[in-house]
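Participant: Single-letter residue listing:
2 protein chains.
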Amino acid sequence: MDELLSKTKNSQKELLLLNDAERNKCLCAIKRGLLDNIDSILKANEKDVKKAKENNISPVMVDRLLLTTERIKAIASSIDSIVALPSPINLVEEEIVRPNGLIIQKVRVPFGVICAIFESRPNVVVDIASLCIKSGNACVLKGGKEALETNKELVRIIKESIAPFVCSDIVLLIESTSRETTKELITKKEYIDLLIPRGSKGLISFVCENASIPFIETGAGNCHLYIDKDASLEKALSIAINAKYQRPSVCNAIETILVHESVASSFLPMLYKEFSSLHIEMRGCPKTRKIIPVFEATEEDYYKEYNDYIVALKVVASLDEAIAHINHYSTKHSEAIVSENKEAFEKFFTFVDSSCLYLNASTRFTDGGEFGFGAEIGISTSKMHARGPMGLKEITTYKYKICGNGQIRK
Amino acid sequence: MDELLSKTKNSQKELLLLNDAERNKCLCAIKRGLLDNIDSILKANEKDVKKAKENNISPVMVDRLLLTTERIKAIASSIDSIVALPSPINLVEEEIVRPNGLIIQKVRVPFGVICAIFESRPNVVVDIASLCIKSGNACVLKGGKEALETNKELVRIIKESIAPFVCSDIVLLIESTSRETTKELITKKEYIDLLIPRGSKGLISFVCENASIPFIETGAGNCHLYIDKDASLEKALSIAINAKYQRPSVCNAIETILVHESVASSFLPMLYKEFSSLHIEMRGCPKTRKIIPVFEATEEDYYKEYNDYIVALKVVASLDEAIAHINHYSTKHSEAIVSENKEAFEKFFTFVDSSCLYLNASTRFTDGGEFGFGAEIGISTSKMHARGPMGLKEITTYKYKICGNGQIRK
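Those protein sequences? They're chains A and B, same order as listed. Here the first sequence is numbered in the working numbering, starting from 1 and rising by one per residue. Here the second sequence is numbered in the working numbering, starting from 1001 and rising by one per residue.
FYI, nobody ran anything at the bench for these hints, they're computed from the structure. What you are looking at is a predicted structure, and each value in this text was computed from that prediction instead of being measured. Hints may be right or wrong, so weigh each one.
[As the list claims (entries may be wrong)] Residues from chain A that face chain B, not an exhaustive set, calculated with beta carbons under 10 Å: (1) Ser-212; (2) Ile-239; (3) Lys-304; (4) Tyr-306; (5) Asp-308; (6) Ser-354; (7) Phe-365; (8) Ser-382; (9) Ala-386.
[Unchecked claim] Here are the simulated lysine-lysine pairs, DSSO-like style, with alpha carbons at most 30 Å apart: (10) A:Lys-229 with B:Lys-1013; (11) B:Lys-1047 with B:Lys-1287; (12) B:Lys-1152 with A:Lys-13; (13) B:Lys-1047 with A:Lys-189; (14) B:Lys-1347 with A:Lys-410; (15) B:Lys-1106 with A:Lys-304; (16) A:Lys-342 with B:Lys-1047.
No residue lacks a Cβ here, since even glycine has one placed at the ideal position from N, Cα and C.
When you get a sec, could you build the whole thing from the sequences and use the hints?
Facilitator: Below, the structure is given as structure tokens:
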């Protein structure tokens, strides 16, 4: 493994020599490569899907894994949006001229080598490789075993496509999919500059507990929706349905709805009617259960990321109680307030300590694409380095270039 | 400890309610408090110094610990430069208006609670508390046992001074100075958002190995000076003397000088003459030792941060060899090139992977004050979140505030 990683690290220098137009050429070549190899990708994917079915993997997971001609075309064309983005590299973010004549420039630069560890969905391979190339980073990819054949074929195509423009070692797929390999990989500080674990809670905790390389925690999403006393209940209802029901398995779906007591008796019956007809299981606090006939919510429920058609409900006496609840139980991902009261939403924005705070909109928008970042490399729940959806800028760092003419310190 | 930390975390909300003018009032009150209490500070410091002498601590360390009226005045007036800085808080760094009408603002906010763990120098207490208050952060301070009495008195004055303006719990000194306390402290994820270890290598490694809270590594400084074939040898010599001799115990002093072979026979004798007269011990590679009579440098020497009047020398065949040497041995702190050749220094700037890169200037300028940041909270050698000197902006993070009028995701 050291030999492969060392090659990747060394090849990253080549990326530093390319300008943005040249890096875009690599991306366009990858797009063409994918479109020219649809058949071979489908064939590789078939093997993975067949094995998944043999292993009785859930239909939802098989669907995450499955590629079709349509889906491959969509993956390929998502590269266009990355090509179109301005490159963050070599941007002078600040220039300080000191009294002694030193000129200090703060310049955005690639991290170096980024290692992404992820599960199932094969589009992640293309997204992350494209974002890394565009931002001057080499990448080490380690996917899950369920998608191994597909990932191998995708990486083969990526390497073949970029070879005319840059050393193809800048993209490395780790083909061993065991936890032991992961454990080894996440300590290779001399070759890897940044780790991004992306996937299940189990995978992410494993990386965070065992890594000696700096990492950005992603994905845990215990998100909240708070219906204020001054809310439009129509907006509240449509946001609640969207944020819980549209795609419950994702991290930006909501898990708990907090309702101000002064609107609880009007809002909760509306919600109950809609959620019942959508077969969403509701679990409520004692105050909720005085208004609508739902299961009891335990303390544990409020900590849970259900990723399912289940929601916890709680009636709160005040905005302050809502804020305190969110700051206590949340994973600092995304939270929304529905309110027409400026004082209320400004307080919510100031005191809720999460990455993405919404006024009168669904938490489902926390997504690189929806933010206009092109693809995303993950959604950070950390407060250090990057928060929320991470695009190109978030996988770069900076250095100071300081020009003098002989200055020494007095 | 949990009770104290919980109080600190809760009190941080009060800081969010203050505007910059009000936070500055706190800082000005601290300055006044220090100047009004010089006698009591000196008295407390006397106890620490007496104990240090009894414990046969080295004169250099005693000097680091010692406060005088002059030094207290200097510490107090350094607060002025922090007051004068613009506040990074609530700055809208980006505003994205999406086609669906969502307005996404990226807004700079405090981390929350910052914990600094440091050794000896008592000015650190005032610097860090001031930077934290200015940036809306509460702070937990843990100093070394040698400075305990001084630190206690300084924190007493700080708390008393800010009490009319904000809850004084926003500044907490941990009075137990044991390693066990540190070990416990650096896992208190529920109360602390960011750890900054500042001090000896031993302290920093201890924190990095045992922390479960995100931290920024600081201070390790194996810095290099490279004399290019197109260098002005006069500039090279004065920078070499300044960067090695002016204050060898600090992290931004150089440890190794790399000399291009085409100027080695002219430069090394000049260097030898000056360094010998300054009693700087020189250790060189075989090529160096053919030119000047110095000790032999081992492989180990090139890894060392001497923090002393010792320097390693190496003759290199090319700029590429110099860059490869630096990227291999450096701690990614600060490196300088002396050259009049644009192509050479641009290559150095592009390929050397360190935080601060100097052209024709001493590495000794890597310092928050010298960069115009007011005081500094430390010098990062990490590539994540912040690099180089860390001032106000580096102890903040951001959140996204997203305003809609009922948007849901399709």
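Participant: Each hint should be assessed against the structure and marked as holding or not.
Facilitator: How the hints compare with the structure:
no. : hint                       : verdict
1   : Ser-212                    : holds (9 Å)
2   : Ile-239                    : holds (6 Å)
3   : Lys-304                    : violated (18 Å)
4   : Tyr-306                    : violated (18 Å)
5   : Asp-308                    : violated (18 Å)
6   : Ser-354                    : holds (7 Å)
7   : Phe-365                    : holds (6 Å)
8   : Ser-382                    : holds (7 Å)
9   : Ala-386                    : holds (8 Å)
10  : A:Lys-229 with B:Lys-1013  : holds (23 Å)
11  : B:Lys-1047 with B:Lys-1287 : violated (52 Å)
12  : B:Lys-1152 with A:Lys-13   : violated (50 Å)
13  : B:Lys-1047 with A:Lys-189  : violated (44 Å)
14  : B:Lys-1347 with A:Lys-410  : holds (29 Å)
15  : B:Lys-1106 with A:Lys-304  : holds (28 Å)
16  : A:Lys-342 with B:Lys-1047  : violated (55 Å)
When each numbered hint is compared with the structure, violations occur for hints 3, 4, 5, 11, 12, 13 and 16.
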